[in-house]
Amino acid sequence: MKRILIPAGGALLATGLLAAGLAGAASADSDVASDPMATSAANAKAIAQFWAENNGAALKAATQSNIWDNADVSKLQSKGGYSADTKPGTTPPIGQEKKTSAKSQNVNVPKTIGKVFFVNGKGEKKWCSATSIQSNYRNLVATAGHCVYDTGANSDVMSKWVFVPGYYQGKAPWGLYVGKQAFTHYDFDVYEDYDRDYAFVTVYNGVSLSSPKANKVTFEEYKAATAKSDKTDIKATEVDEKEYLSAIKDPTKLPYYDIKPGTAKKVTGPDYPGAIVDKVEVTKAEYEAAEKKGTGRGQGFIYGDPVAEMVDKATYDDWKGEKKVDPAGNFYIVHYYIQEWYVPGSSTKYYRLDYYVIEQSAKDAGRLGDNVGGQGFAWNQPTGKYVRVFGYPAAPHPDGHKNYTGITPKWCYGKTTKKLVGSAAKKIEEHVALKCAMTEGADGGPWLLKYSNAKRLGYVNGVTSTFNDQDGNNRVDYISSPYFDGETAVVYKAAANSWSGKIL
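Under my numbering, the sequence shown is numbered contiguously, ending at residue 709.
Check the hints yourself; a few may be wrong.
For each label pair, taking beta carbons as the anchor points, the in silico distance ranges come out as [unchecked claim]:
id	residue 1	residue 2	range
1	Asp463	Ala494	37 to 43 Å
2	Gly526	Lys280	19 to 25 Å
3	Ala419	Gln675	54 to 60 Å
4	Lys458	Ala432	18 to 24 Å
5	Ala432	Asp517	29 to 35 Å
6	Tyr537	Gly605	29 to 35 Å
Just so you know, the hints here were simulated from the structure itself, not pulled from any lab data.
Cβ coordinates follow ideal geometry from the N, Cα and C atoms, glycine included.
Just need the whole structure built from these sequences, with the hints factored in.
Quick look at the structure:
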């Protein structure tokens, strides 16, 4: 196993031989890197709201992880047989999956899988595949290391990290689970060693957010909420003139009433008693003429310069006034306004204004493992065994052909390579590979050994790390995973024994 690396300073780091048995596996604590994610319940709640607000708009806007470009989709080389560092071991799965009479060719997708969403160091909303995995506190997610640690930002953990099991088009059927603590191998955290491209993340109890609700508030509460960038709204209800005139005599009620002139209005000058100023859209020629008359800018004009509005092509084509196209090909139409003073006519309408703050209530959704179960964990297993791999592939193949959408989970099934494989370009020496055409977006998805189609449970014995082209036709035909050995088990057990708690 590869355990000699050259740090930035040039000195050699050697860990020595590993003792037999899991208790003495590798260098134990020195193999484990652990980093905080959401450090408080309040911080975790804000992260959940970030992804869930506006009907999951941020979730829908995220795109698949893109750390592998076309140049990285290359051929793997055989590196020899695997060498177990300790005895093989397993941790059994947990779950409440009911047995089904489905035929074997109909693959039952496990409830445990879903997507992890995060914001990378560039500020981009991204996602990978992942699964719930068994742990003492039923709070653990397994995925690829590069889906937790930003390899382009000095291996800092990704921000706003959440796991959404069963994700589908902005929906979180079992809630959002915010990451609390990330665990990976020291060599991946420090050296970005892709032979250790796996991570286990403890998550807080899930959060379920209700549909947005508009709560009526005072004008002062409305202003305070607007200043904090909370979602707000104003509803205008028509009232009669008597109520309006009575209300505006009380200065405290002025913010709660408004007036809209009707068509039968008398246009006046600014000094006319009782005159009200209004905004009127005009042509460019009328706007320039109004300026000369003193009713445009320079005479207390409150509506500003001409306004360019980005529109679609159809609106652009129909517009009779000024319009333009910017260098990026965006279409704009230009609006001109003047101010006009008037005395309200007989068709004037009066309104009472009600103010609202849009709130979204949240409730505790419980522990991840209680809701969707958790896959087992296996290490130091023989290679050349059948596995079933799940993930959400989305990226096109290097030749541009796009098989997948990333909307629904896909799967591959087959025997892993008997020999370990490597990639000189990625400095990988100890991966196992599987014939599979899933593309990026599936990275982080579990490799399940001894998967029961009836119970929808198995043992996580790898996670998708790389995408490869073995036959040279510019399409992904193999994927690879780090080999899960005793050192992987040490990292997993550290994570599996870590408590996380509730957000609410």
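- request: Note whether the CB distance of tyrosine 537 and glycine 605 lies within 29 to 35 Å or breaks it.
  value: Given about 32 Å between the Cβ atoms, the range holds.
- request: Look at the Cβ atoms of glycine 526 and lysine 280 and judge whether their distance stays inside 19 to 25 Å.
  value: 59 Å, violated
- prompt: CB of alanine 419 to CB of glutamine 675, is that within 54 to 60 Å?
  reply: Because 57 Å falls inside the window, the suggested range holds.
field: Distance restraint hint 29 to 35 Å, applied to the beta-carbon atoms of alanine 432 and aspartate 517
entry: Since the Cβ atoms of alanine 432 and aspartate 517 sit about 33 Å apart, the hinted range of 29 to 35 Å holds.
message: Between the beta carbons of aspartate 463 and alanine 494, is the distance compatible with 37 to 43 Å?
response: For aspartate 463 and alanine 494 the Cβ distance comes to about 30 Å; the hint is violated.
query: Range hint 18 to 24 Å: satisfied by the CB atoms of lysine 458 and alanine 432?
result: 22 Å, holds
Checked against the numbered hints listed earlier, the structure breaks hints 1 and 2; every other hint is satisfied.
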